[in-house]
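Peer 1: The listed protein sequences correspond, in order, to chains A and B.
Each position in the first sequence, counted from 1, maps to that position plus 95 in the numbering used here.
Mapping the second sequence onto the numbering used here, position 251 (from 1) lands on 235, and the numbers just tick up by one.
Don't read these hints as lab results, they were simulated from the structure.
Take the hints with a grain of salt, since some may be wrong.
As the list claims (entries may be wrong) - FRET-style restraints, in silico, Cβ to Cβ:
#1 B:Gly248 x A:Asp167: 29 to 37 Å
#2 A:Lys277 x B:His56: 15 to 23 Å
#3 A:Ile124 x B:Ala229: 30 to 38 Å
#4 B:Leu178 x A:Arg324: 23 to 31 Å
#5 A:Ile337 x B:Glu209: 45 to 53 Å
#6 A:Asp167 x B:Pro115: 30 to 38 Å
#7 B:His56 x A:Glu298: 42 to 50 Å
#8 B:Gly153 x A:Arg117: 24 to 32 Å
#9 A:Glu330 x B:Gly289: 50 to 58 Å
#10 B:Glu245 x A:Glu121: 23 to 31 Å
#11 A:Gln137 x B:Gly248: 40 to 48 Å
#12 A:Glu171 x B:Ala235: 26 to 34 Å
#13 B:Ala165 x A:Glu121: 54 to 62 Å
#14 A:Lys277 x B:Ser254: 39 to 47 Å
Please read all numbers here as calculations on a predicted model, not as lab measurements.
By construction, the Cβ of each residue, glycine as well, lies at the ideal position given by its N, Cα and C atoms.
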Amino acid sequence: MERPIAYDKLAREDRWVRMRAREVAESKIEQALPPFPDLSTQDSIRERVHGILVGEMQAMEGAGRTVCDFPDAGWEFTMDMARQVWDESRHVEIYLRLIEHLGGYPGEFPETTILWRCACAEDAAARVAGVNRGLEGLACDVFNQLVHIAGKLGDPILERAVEFVLADEITHVRMGSKWLTKLTEGDPERRRKAIEFQENIDERFNLGGVRREGDHETVSISIATDVRRMAGFTEEEIERLIKTTQRSQVY
Amino acid sequence: MTRLLAGHFSVDHSARLMRNYRYAVERAMRALGGWIALTPELSAKLLLGRHVWDLAQHADAFGKRLPELRAHAQVSEPASDRVVAFMDALEEPEAPQQTVERLVGVYRVLKPHLLASYHDHLVRANPVYEPPTRRILVGCIDDERRHIAAGETILGHLCVTPALTERAGAWQRRLEGLLTAAGGVTGDGLPPALPERNDVPVETSDDAREFIRLETPTASWPIPEELRAALGAFGDSLLARDREALARWLAPGVLPDPAREALGAATLTSLRLVAFARLGHQRLVKWRLEGPDASVTILSRWAPGPEGWRVAMLDVARIEAPHPALPRR
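Could you build all of it, start to finish, from the sequences and the hints given here?
Peer 2: Put into C-alpha cells, the structure is as follows:
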C-alpha cells in the first residue's frame, strides 16, 4: 500500500465541488461578503455546519491515513488513532444529520482541502501536533461557539449534538499532546519542527483575524480559552495563540 | 469429568494462533484506515471508519492475551509467506473506482474466513482452562457477524450493474484462491463454513442502511428558475458542441476553449448535472457528460448580472474512461 499518499488522491463523489480555500475567500470578498461564514443568519449557520462536516470527513480520512502510514510508531499510538477514526466517522454522521436538520444538503457549499493537506505531514509527531492540537484546537473554538449560539437560538438538537462532538475533540487534543511528547522524547529537533508545523496551522486558521478572543456573538470564531485549558493547552500556549490572532495576515 | 479436561491446543499453539489472527486483523485495520481517503462513496467511507476501531480492539485483545500464554505482548505473525501474499493482494485495490474490490476483499473473503476460524477455534477451545481465549473469540465473532452484514448491505448498494457484480465475483474468486493456498490465516487449512444464521445482528453504530440513506443525493437542487433555464440551454449546447450557443452564456473574458477541447476529443451521448453548490451569490455547477469511450466532468461558476446568469468560470475537472479497469490479478 502506498504510504503516504499524495494530496490529490483524496476521493470524492461527484456531488462535491472542490476549490482552493484562498479562491473561495477571494470570491466572497469580491461579492462583498465575509470570507468566512459568521453565525448571524440561518444560511450562515448552515454554511458553517457544512464546513464542519467537510472538516470531519477530512479528519476521519486523515486519522485513517495515520493508522495506515505509521505502523512502526507503537501499538498504543495506533490504538489512539484508530479510536479517533471511529470518533470522526460518527462525527461525519452527526453533521450529515445536522445538515438535514438545517434544511441543507451535502455538497451545498464548495469543499476546501486545507485541513486534509495539514493531515498529510510525513512525520507522525508533526501530524499529531498539527491535526490533534492545531486543527482539533480550532474545532474546540468553533464547536464551543456553535453550542452557545445554538442554545441562544433555541435549537436543542444542534446544541446537544455539537456538545458531544466537542467532548470528543477535547479528548483528541489530549491525545495529541500526549503523543507529541512521547514521539519526540529525546529528540528536541523533531519536537521543535512538529510544534512549528502546529503553529503554522494555528496561524493559517486564524483566518486573517476571523478567529479572535472575544464574545461569541461579536466575534466570527471566538477562542475557547476554558475549553482549551480543559484540553490541556497551557496558559502560555493560549496566550501565544491570542497574540498571533492579532497580527494574522488576510487569509 | 476428565472429558471436560481434554483439549486440542497446547499453550504454544494457542499463542501462535493469537499472533496469526493478530497479523491478519492488524493489516486489515491499517488497510481500512488507509482506504477511507481513497474511497469516494460516503456509505463505504463510513463503513470503513466504523470498523477500523473494532479491528484495533480485536488486535489489542489478541495481543494482550499473548503474555498470558508465555509469549510477548502485541506481536503479529503471519503463518507463512502465502498468508503475506494473500494480505498483499487484499490491500492492492487502491484506485477510487475500486471500492467494490476493497469491500469484497474484506467483507466477502477475509471477514467470513475470520468468523469461521474464530468459531472453529471456539468450539475446540477447552471450556475449563481456556475461557480467556474463548471470551475474546466470542466478542470477535459478534463483531464479525455485524461487520459482514453491514459490508454486504453496502456491497449490494454499490454493485448496481452486471459488470460490477462480475468484477466483484472475479476478485472474490482470486482472493479465495490465495487464501485457500495459504491454508487460511493460521496456515492450518480452511475451517468448516458456518451455517447461515437468520437472526439479524444487533445494530450498534454501523447501520449500513442509514449510511446508504445519508449518501443519497438530494432529490432536487434548489436552482433559481431563471438559472434553471440557463443551465438547460447551456447543457444542451455542451452536448451538441454548439460553439455559438455556448458562447452566448459566457461572461465577457471567459473562453470556451477548455470545454471545447475536451468535448471535441470524445463521443459523448448523455449529460447530467451532478453537483450544485453555493458560493456567496454565485453558483457552482458540475456536469458529467458520458459516452461509450469517455466521461468528462465540466465545472462552471455562474454569476447573476444585468443580463441574467452567465458563466464566470469554465473548467474541465476530469476526463476518464467510463468503465474502470478490472483488478490487475
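Peer 1: Given the hint of 23 to 31 Å, is the C-beta distance from Glu245 (chain B) to Glu121 (chain A) inside that range or not?
Peer 2: Check passed, 26 Å falls within 23 to 31 Å.
Peer 1: Is 54 to 62 Å a correct range for the gap between the Cβ atoms of Ala165 (chain B) and Glu121 (chain A)?
Peer 2: 57 Å, holds
Peer 1: Look at the Cβ atoms of Ile337 (chain A) and Glu209 (chain B) and judge whether their distance stays inside 45 to 53 Å.
Peer 2: 48 Å, holds
Peer 1: State, for the Cβ atoms of Glu171 (chain A) and Ala235 (chain B), whether the hinted interval 26 to 34 Å holds or is violated.
Peer 2: Hint violated: Cβ distance 56 Å, outside 26 to 34 Å.
Peer 1: Starting from the range 29 to 37 Å, see whether the pair Gly248 (chain B) and Asp167 (chain A) falls in it by beta-carbon distance.
Peer 2: 50 Å, violated
Peer 1: Quick check on a hinted range of 23 to 31 Å for Leu178 (chain B) and Arg324 (chain A), using CB atoms only.
Peer 2: Because 52 Å falls outside the window, the suggested range is violated.
Peer 1: For the hint 50 to 58 Å, verify it against the beta carbon of Glu330 (chain A) and that of Gly289 (chain B).
Peer 2: About 52 Å separates the Cβ atoms of Glu330 (chain A) and Gly289 (chain B), which means 50 to 58 Å holds.
Peer 1: May I ask you to test the hint 15 to 23 Å on the CB atoms belonging to Lys277 (chain A) and His56 (chain B)?
Peer 2: 21 Å, holds
Peer 1: Indicate whether the distance between the beta carbons of Gly153 (chain B) and Arg117 (chain A) respects the range 24 to 32 Å.
Peer 2: Violated - the Cβ-Cβ distance for Gly153 (chain B) and Arg117 (chain A), about 46 Å, lies outside 24 to 32 Å.
Peer 1: Lying within 42 to 50 Å: is that true of the beta-carbon distance His56 (chain B) to Glu298 (chain A)?
Peer 2: Given range 42 to 50 Å: holds, Cβ gap about 44 Å.
Peer 1: Between the beta carbons of Ile124 (chain A) and Ala229 (chain B), is the distance compatible with 30 to 38 Å?
Peer 2: 33 Å, holds
Peer 1: Within 39 to 47 Å or not, the Cβ separation of Lys277 (chain A) and Ser254 (chain B)?
Peer 2: 55 Å Cβ-Cβ, so the 39 to 47 Å window is violated.
Going through the hint list in order, the structure does not satisfy hints 1, 4, 8, 12, 14.
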